[in-house]
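Enquirer: Chain residues, written in single-letter form:
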Amino acid sequence: MLQVVLFNVTNGLIIGAFYVLMALGLSLILNLSNVINFAHGNFLALGGYTAFILTPYIGFWGALLVSPLVTAVLGLIIERLMIRKVYNRDPVYSLLLTFGLAFIIQDVCRYVFGPNGLPLSVPDAMAAPLSSDLFFITWYRVFNVTVVIVAVAALFAFLHFTRVGVRIRAGTLDLETVAALGVNVRFLRSFNFGLGCMLAGLAGVLAGGQIGLNPNMGDDLLMPSFIAIIVGGVGSLTGTLIGGLLIGVAAALTTVVWPSGSEAVIYIIMAVVLIIRPRGLMGEEGMLT
Amino acid sequence: MNSATTTTIASGRRAFDSRWIKLLIIWVALLTVPLWLPLLGGYTALAGRVLVLGLAAMSFNLLLGFTGVMSFGHAAYFGLGAYGAGLTLKFLVASTPLAMLMGTLLGGVAGAIVGLFIARRRGVYFAMATVAFGQIGFYIAYTWNDLTGGYDGLRGFEREPLSLGFTTLDITNNGTLFYYFLLFVFALAVAAQGLMLASPFGRTLLAIRENERRARFLGIPIERHIWLSFTISCFFTALAGSLYALLNNFADPMAMHYSLSGEIVIMAVMGGMRAFWGPLVGAAVFVVLQDYISSMTVNWMSFVGLIFVLVVLFFPRGILGMFQRRGAE
Numbered sequence: 002m003l004q005v006v007l008f009n010v011t012n013g014l015i016i017g018a019f020y021v022l023m024a025l026g027l028s029l030i031l032n033l034s035n036v037i038n039f040a041h042g043n044f045l046a047l048g049g050y051t052a053f054i055l056t057p058y059i060g061f062w063g064a065l066l067v068s069p070l071v072t073a074v075l076g077l078i079i080e081r082l083m084i085r086k087v088y089n090r091d092p093v094y095s096l097l098l099t100f101g102l103a104f105i106i107q108d109v110c111r112y113v114f115g116p117n118g119l120p121l122s123v124p125d126a127m128a129a130p131l132s133s134d135l136f137f138i139t140w141y142r143v144f145n146v147t148v149v150i151v152a153v154a155a156l157f158a159f160l161h162f163t164r165v166g167v168r169i170r171a172g173t174l175d176l177e178t179v180a181a182l183g184v185n186v187r188f189l190r191s192f193n194f195g196l197g198c199m200l201a202g203l204a205g206v207l208a209g210g211q212i213g214l215n216p217n218m219g220d221d222l223l224m225p226s227f228i229a230i231i232v233g234g235v236g237s238l239t240g241t242l243i244g245g246l247l248i249g250v251a252a253a254l255t256t257v258v259w260p261s262g263s264e265a266v267i268y269i270i271m272a273v274v275l276i277i278r279p280r281g282l283m284g285e286e287g288m289l290t
Numbered sequence: 544m545n546s547a548t549t550t551t552i553a554s555g556r557r558a559f560d561s562r563w564i565k566l567l568i569i570w571v572a573l574l575t576v577p578l579w580l581p582l583l584g585g586y587t588a589l590a591g592r593v594l595v596l597g598l599a600a601m602s603f604n605l606l607l608g609f610t611g612v613m614s615f616g617h618a619a620y621f622g623l624g625a626y627g628a629g630l631t632l633k634f635l636v637a638s639t640p641l642a643m644l645m646g647t648l649l650g651g652v653a654g655a656i657v658g659l660f661i662a663r664r665r666g667v668y669f670a671m672a673t674v675a676f677g678q679i680g681f682y683i684a685y686t687w688n689d690l691t692g693g694y695d696g697l698r699g700f701e702r703e704p705l706s707l708g709f710t711t712l713d714i715t716n717n718g719t720l721f722y723y724f725l726l727f728v729f730a731l732a733v734a735a736q737g738l739m740l741a742s743p744f745g746r747t748l749l750a751i752r753e754n755e756r757r758a759r760f761l762g763i764p765i766e767r768h769i770w771l772s773f774t775i776s777c778f779f780t781a782l783a784g785s786l787y788a789l790l791n792n793f794a795d796p797m798a799m800h801y802s803l804s805g806e807i808v809i810m811a812v813m814g815g816m817r818a819f820w821g822p823l824v825g826a827a828v829f830v831v832l833q834d835y836i837s838s839m840t841v842n843w844m845s846f847v848g849l850i851f852v853l854v855v856l857f858f859p860r861g862i863l864g865m866f867q868r869r870g871a872e
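Chains A and B, in that order, give the protein sequences. Heads up, the first sequence is in the working numbering, so the first residue is 2 and it goes up one at a time. Heads up, the second sequence is in the working numbering, so the first residue is 544 and it goes up one at a time.
None of these hints come from the bench; they were simulated from the model. Wrong hints could be hidden among the right ones.
Stated by the list, open to error - Below, simulated SDA-like cross-link-like pairs (lysine to any residue); rule was C-alpha separation at most 25 Å, straight line:
(1) A:K86 x B:R860
(2) A:K86 x B:K633
(3) B:K565 x B:S845
(4) A:K86 x B:L849
(5) B:K633 x B:L707
(6) B:K633 x B:A734
(7) A:K86 x B:P859
(8) B:K633 x B:N791
(9) A:K86 x B:P581
(10) A:K86 x B:I862
(11) A:K86 x B:R752
(12) B:K633 x B:G611
(13) B:K633 x B:G692
(14) A:K86 x B:I714
(15) A:K86 x B:T587
(16) B:K565 x B:L849
(17) A:K86 x B:F858
(18) A:K86 x B:N791
(19) A:K86 x B:A734
(20) A:K86 x B:T686
(21) B:K633 x B:I714
(22) A:K86 x A:L176
(23) A:K86 x B:M865
(24) A:K86 x A:V10
(25) B:K633 x B:G666
(26) A:K86 x B:R665
(27) A:K86 x B:S802
(28) B:K633 x B:L790
(29) A:K86 x B:F846
(30) A:K86 x A:V184
(31) B:K633 x B:L690
(32) B:K565 x B:L832
(33) A:K86 x B:L690
(34) A:K86 x B:L856
(35) B:K565 x B:P581
(36) B:K565 x B:G692
(37) A:K86 x B:L790
(38) A:K86 x A:L182
(39) A:K86 x B:F866
This is chain A alone, in the form it adopts within the complex (with noise of 0.2 Å):
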């Protein structure tokens, strides 16, 4: 039973890493430019198939390294040609915009890589359980937590400590005055957008060595990542790390008891923070809402 729970605990603690990347990358884009992206979990995908292409020239160290830069350029081509002239309209286009990006982003991938899953092969270290005891615990799981708690580490100190960083939390905040203080609003926007394209290429890479390579592979990811925005609060970075890992072990720890309610925790979760916490856990009173 211990075993049955410590492997759900762990199970959820990888899902909530990848909802936390995947919310992260969300949160930071509808904080600061007021905008869905409704292709995230495509840009997921496209860091998925860009390691699946470089790992055999680069290894998958180098992938992991490249992936999510690249897709942060294709993400950076794409704010500019096209999501960058709707900011200033009703947000209904920005959210018909990406929803309609999804479609076609994931119909090029079935088109190029075709429709069934494609494996990205780790390097077979991690491929190895920890122990005899704790052999559902591969090295690559550990891996994939300590991969993210780094980036997560490298996002906040980003976000803190450099300047840009600094104008990305203050746009959150209030745009309008930091446009009147000088500030190039339209690189910020860029430049953040391709960050959070960014943490989607990477949850991609890790989700790609443990799960394989479809074209609908970030779909499952995006509504969860949506509650985690909710439940955390939106306009709060750390509240949606919190949201993320939150619904991530309370659905893993539901699987335990009751196996297909475990998706079903999450929405009971969100519904009861919306009733007793309308603006999130640690949601800023009249953000956005």
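Got chain A sorted already, so can you dock chain B onto it with the hints?
Expert: Below, chain B alone, put in the same frame as chain A:
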């Protein structure tokens, strides 16, 4: 000042005339569909699809176009309407009107409950909460295999002939007759929507859309109005969903998926969300395009996505919206 008044009256009369002409065109076109559609290579079931999704998009537009809040989860209430009607026909009674009633109630009541959670949210937050709540229906339909048929969808029911007392309408086998039945329900629903929008309640919703803060200062209870608008919109959408189940004799979980919500939104925007009939026009264009594209290529998703992108970037006012602007100039 006099000339200004005259202009207003004249333009008012012009707007009045053009409204009747528009109504005439729309109803003549809808009533004669079985005559001209086969000539263009269409089939009557396609017209039924346009009516059903058009009703869903018009119901949705009560929120987006006339209250100014954006729901991105309307597929849930559409799908609940479909499942409600299908389950009633399969397990409870073999009656088409009762199936529609049950479907409408199921989706509408669910909408009323969800509305309580989200009526205070605004903007993208509202959209995100609606899409997340909407997916609950999808997961229930997807996982509750015994009742809903899970991934394969709900089968094994059929719309029943309508008994009017003096005669029986065989809408089960007669496709044209069923189309007119759909059109009849559509007309009733749309008339109710039009009356609602023309009522003081509808005007209040417009006031909220135009300036929520000012409406609040006037003492209008904003949250209650948005909740009411959301609930009414969900009831009508669920009605459309129940018709969808009757049309296909089938209900599947994809009718609840958020991708259908997105399609409902694009229909409203593509037709013109500030025009009453816009969503119907958008639904007609979208359904026909989708039907055509998916018969031509397996990569139809790219083209549908392209429709979204092109509409947003180049036709944000929608088809009827462009006419409106020309009229205003």
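Enquirer: For every hint, state whether the structure bears it out.
Expert: Quick rundown of the hints versus the structure:
no., hint, in the structure
1, A:K86 x B:R860, "holds, 15 Å"
2, A:K86 x B:K633, "violated, 49 Å"
3, B:K565 x B:S845, "violated, 33 Å"
4, A:K86 x B:L849, "holds, 16 Å"
5, B:K633 x B:L707, "holds, 22 Å"
6, B:K633 x B:A734, "violated, 31 Å"
7, A:K86 x B:P859, "holds, 11 Å"
8, B:K633 x B:N791, "holds, 14 Å"
9, A:K86 x B:P581, "violated, 41 Å"
10, A:K86 x B:I862, "holds, 20 Å"
11, A:K86 x B:R752, "holds, 23 Å"
12, B:K633 x B:G611, "violated, 38 Å"
13, B:K633 x B:G692, "holds, 12 Å"
14, A:K86 x B:I714, "violated, 48 Å"
15, A:K86 x B:T587, "violated, 40 Å"
16, B:K565 x B:L849, "violated, 29 Å"
17, A:K86 x B:F858, "holds, 13 Å"
18, A:K86 x B:N791, "violated, 40 Å"
19, A:K86 x B:A734, "violated, 37 Å"
20, A:K86 x B:T686, "violated, 40 Å"
21, B:K633 x B:I714, "holds, 17 Å"
22, A:K86 x A:L176, "holds, 17 Å"
23, A:K86 x B:M865, "holds, 19 Å"
24, A:K86 x A:V10, "violated, 43 Å"
25, B:K633 x B:G666, "violated, 40 Å"
26, A:K86 x B:R665, "holds, 22 Å"
27, A:K86 x B:S802, "holds, 23 Å"
28, B:K633 x B:L790, "holds, 15 Å"
29, A:K86 x B:F846, "holds, 21 Å"
30, A:K86 x A:V184, "holds, 19 Å"
31, B:K633 x B:L690, "holds, 10 Å"
32, B:K565 x B:L832, "holds, 23 Å"
33, A:K86 x B:L690, "violated, 46 Å"
34, A:K86 x B:L856, "holds, 8 Å"
35, B:K565 x B:P581, "holds, 24 Å"
36, B:K565 x B:G692, "violated, 43 Å"
37, A:K86 x B:L790, "violated, 40 Å"
38, A:K86 x A:L182, "holds, 23 Å"
39, A:K86 x B:F866, "holds, 23 Å"
Checked against the numbered hints above, the structure breaks hints 2, 3, 6, 9, 12, 14, 15, 16, 18, 19, 20, 24, 25, 33, 36 and 37 and satisfies the rest.
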